[in-house]
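Protein chains: 2
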Amino acid sequence: MNILGRHILAEIYDCDAEKIMVESALEAGAEIREVAFHKFSPQGVSGVVVISESHLAIHTWPELNYAAVDVFTCGDAVNPWDACNYLTEKFKAKNMTATEVKRGIFEEPVKVVNL
Amino acid sequence: MNILGRHILAEIYDCDAEKIMVESALEAGAEIREVAFHKFSPQGVSGVVVISESHLAIHTWPELNYAAVDVFTCGDAVNPWDACNYLTEKFKAKNMTATEVKRGIFEEPVKVVNL
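Chains A and B, in that order, give the protein sequences.
Just add 3 to the spot in the first sequence (first one is 1) and you have our numbering.
Just add 3 to the spot in the second sequence (first one is 1) and you have our numbering.
So that you can see chain A by itself, here it is in the shape it has in the complex:
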């Protein structure tokens, strides 16, 4: 079994504010390609950092002290948990649960161009 990517789905509760996802991507050694954030009124933010290795995404609900975070990386150069753990620390989250999902599962070995 061959796997293209590792995708962490993190539920971060009791965090105190929105923080820059770019910092987390860089902390993990990812190469940033695009950044798109949207602030909602009166509060909350949705944002994505497209990286060479896939993406980071966040959606915050400040009224619930909750953020849904995705860290999806492909290849072996970047460990998605580095970004996830960095984020959790920066958010000063008291409570976080996360699940890693394998993405792009092939039975045979695969040769990809961009990894």
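None of these hints come from the bench; they were simulated from the model.
Model, not experiment: these values are computed from the prediction.
The reader is advised that the hints may include incorrect statements.
All copies of an identical chain are treated as equivalent in the list; a pair is satisfied when it fits inside any one copy or across any two copies.
Claimed, not checked - With a straight-line Cα cutoff of 25 Å, these simulated DSS-like cross-link-like pairs (lysine-lysine) come out:
#: 1; residue 1: Lys42; residue 2: Lys95
#: 2; residue 1: Lys42; residue 2: Lys97
#: 3; residue 1: Lys42; residue 2: Lys93
#: 4; residue 1: Lys105; residue 2: Lys95
Given chain A's structure and the hints, the job is docking chain B onto it.
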């Protein structure tokens, strides 16, 4: 148990080309906020559509006829499967597997501002 969001992780194999994710978001009735796509050389694309209801993301590996697609929606107005099924059809994918993950699980009822 109260759930903020529904997040579909779809593995689409045997698709024939990259397609516009914006169309899928609109098809599902989502409100588009930001669009960020990056094309890799010699091939492959990574892109995200930030919607009011959360996001859609795609990463393609044309050499494998494979795309990793996320459709994450919050609230009851948009059904993420509408976007996922539309995408799968437009990609002319012969083989797709998808998993729905509940995001933002709270034991008590929650009142959110932006849903």
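Comparing the hints with the structure gives:
no.: 1; hint: Lys42 - Lys95; in the structure: within (21 Å within a copy, 35 Å between copies)
no.: 2; hint: Lys42 - Lys97; in the structure: within (24 Å within a copy, 38 Å between copies)
no.: 3; hint: Lys42 - Lys93; in the structure: within (19 Å within a copy, 31 Å between copies)
no.: 4; hint: Lys105 - Lys95; in the structure: between (27 Å within a copy, 23 Å between copies)
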